[in-house]
Amino acid sequence: MSKTFMGWPAFPKAAETATADGQLRANVRRATHTIRTKRAALVDERPDWQDLRDTAAALKDDVLAHLDTYLEQIEEKVTAAGGTVHWAGDAEEANRIVTRLVQDTGETEIVKVKSMLTEEIGLDGALAAAGISARETDLAAAIVQLGDDLPSHVVVPALHRNRSEIRDVFVREMGKHGRPAPEGLSDDPEELAEAARLHMREKFLTSRVAVSGANFMVAETGTLCIVESEGNGRMCLTLADTLISVVGIEKVIPTWQDLEVYLQLLARSATGERMAPYTSTWTGVTDGDGPRAFHLVLVDNGRTRALADPVGRQALRCIRCGACMNICPVYERTGGQAYGSVYPGPIGAILNPLLKGADDPQTASLPYASSLCGACNEVCPVKIRFTDVLLELRHDIAEGDAKVKHPAERVALKAVAGAMGHGALWNAAVKAAGTAGRLVPKNAQLPGPLRGWTDSRALPDIPEESFRSWWKRTEGGTK
Amino acid sequence: MSSREAVLRRIRQATADLPKDPVSVPRSYLRHAPAVVPGDRSAAVALLVERLTEYGAEVRRSAEADLPAAVAGALAAAGSAVVPAGLPDAWLARWSGVVRRDAPPLTHAELDATDAVLTTCAAAVAESGTLVLDGGPGQGRRAPTLLPDLHVCVVRGAQVHSAMPEAIGRLAPARPLTWISGPSATADIEMIRVRGVHGPRRLTVLLVP
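Note that the protein sequences, when read in sequence, are chains V and D. Under full-length UniProt numbering, residue 479 is the last one in the first sequence; the count climbs by one each step, no gaps. Under full-length UniProt numbering, residue 209 is the last one in the second sequence; the count climbs by one each step, no gaps.
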């Protein structure tokens, strides 16, 4: 059974463990800084970068506003091109549909193209329970699967592992699932990639069923698009007899021409490349070329919940490039697993509560996994305003309908609101703080329910004189 | 209610607050490569060569008449090559390796045991160093361009567009398309770029002006 994030601790607890792991921090720091630098250089090449972002955001907003008609259009076009479209309301239904489709072929081992959605719904585990072994073919996804590990990034799921850890996993595990790692395998990345090539080639040549996600679905034509680097995607999309693509309902773009916007944004944002080595597009089935059966499984699994949130729905613009996590000072220090979800980093901090509801302590902790510095807003190719959504979610958790409240914040906000609404009380409080500031030692913890604030923050220096008193004394700085 | 109806109904409820009119979409981005004046084909070709080379593809320029020699040179180290229908036989006249026709279709194992594949392409995008294959004459189905380790692709100057927006409208989405930007690669291990994972590890482009 593949590992899941089930029962994962809330972010502060998970982050405490993650930040204590020096190797993990070094691995994540190296990776995020490398991609950041490459991305920045390629973005600088495009004088029209902001224009591309504006178009990409507006197109996705149009899609979300008319998602019903776009999905009906896709269904019609895919069906006309010889594909079969299935609808799944939640993870369980999506897994049931895919399991039945695989069972209908009689196959018990299938190959997979990396897909965050299939991770989100726990497809590998559901297939395993039905006696079907689904082998990941993307190098990083295979590293995670072979190591019985969990993903930590949406583009580079094994980013938290270094070369010697990867070598050990290959040597230990490859033989259990097919061709073993070559004798005397070193930790040289070229040798490791070669070991993966040999191990997977055998599977590509013999597997009759492939499961994929998709980066984009074009409503106008019913075309699906997958962007990848290694060629494992092409192998799965081309060599299998049956292709099952499991795709979130938000992955729609309106027209074929619109691909020009996203294909220019995605690889630059994701891996710091102008285009990833391979992009595949296909429409239904093609006689004499590739799979003879094509199934498209459209999955909701909380997306309509997110869509109903007027502030939060912008998170559904996401094209899963990972730029927000690569730039995030919190992600850089904790890595991805601390977020307890296949979607880590800033996008995970907003998407998980929007999809699932902040009804458990782990999910409710995620909107607080941010310093609100806003670096993610700046790099996002579809202009998601992460900080707006984070604040809205925090507000919901503290005061709104969310079943799990953040008690410290609620008490503190109530106390502050009470004092601010009462001039004399506020002045007295500010004055008292100035006096107290002289007495509070560095690294002090706030008492009582406010302690949560200082668990992960230093108390700011409290000036001896308040602004109001300074203004009065100096007549607005003129004296 | 079917899941289809349930999902569509939830979407309609979730978006009830939004205007029904289409969202107005600005289109101010460039339709050509930033460094290339629109219509300057030779600048586009020069950019394509630069980008392909940067990605580790080998680029050789060849006049139409010299293609047989160029093909023989590009395939020199290959003992066998797949040749799709529609590719001129004359291009192979100077090469002495085994030519495998994909008709009837070669099996996966046969393709895997073939050293190289020789194709044309449908279009090329200079800015991203991209070749697009659409399965047309001289390109064939997708599997033969995937399993052999060397892909030799003939690109004509007239097929080179400076940027994606110039190319995409000329392609037929109903066909299965493969967009190739340099040889197969990964950066999954410590973000170090390794060339050649599952697709062809070597890409040679024969550029015909």
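Worth flagging that the hints you see were computed from the coordinates, not collected in a lab. One or more hints might be untrue.
Straight line, CA to CA, 35 Å or less: simulated DSBU-like cross-link-like pairs of lysine-lysine [to be verified]: (1) 20(D) with 431(V); (2) 38(V) with 383(V); (3) 3(V) with 356(V); (4) 38(V) with 13(V); (5) 20(D) with 479(V); (6) 479(V) with 431(V).
**Message:** Tell me if the straight-line CA distance from residue 20(D) to residue 431(V) falls inside 35 Å.
**Reply:** violated, 54 Å
**Asked** Can the restraint linking residue 3(V) and residue 356(V) be considered satisfied, given a maximum Cα separation of 35 Å?
**Response** holds, 20 Å
**Asked** Has the given pair, residue 479(V) with residue 431(V), been kept, meaning a C-alpha gap of at most 35 Å?
**Response** holds, 22 Å
**Request:** Quickly compare the C-alpha distance for residue 38(V) and residue 383(V) to 35 Å and report which way the hint goes.
**Result:** Distance of about 20 Å is within 35 Å: holds.
**Asked** When you check the alpha-carbon spacing of residue 20(D) and residue 479(V), does it fall within 35 Å?
**Response** violated, 59 Å
**Request:** Assess, step by step, whether the Cα of residue 38(V) is no farther than 35 Å from the Cα of residue 13(V), and give holds or violated.
**Result:** holds, 32 Å
In this structure, the hints that do not hold are numbers 1, 5, in rising order.
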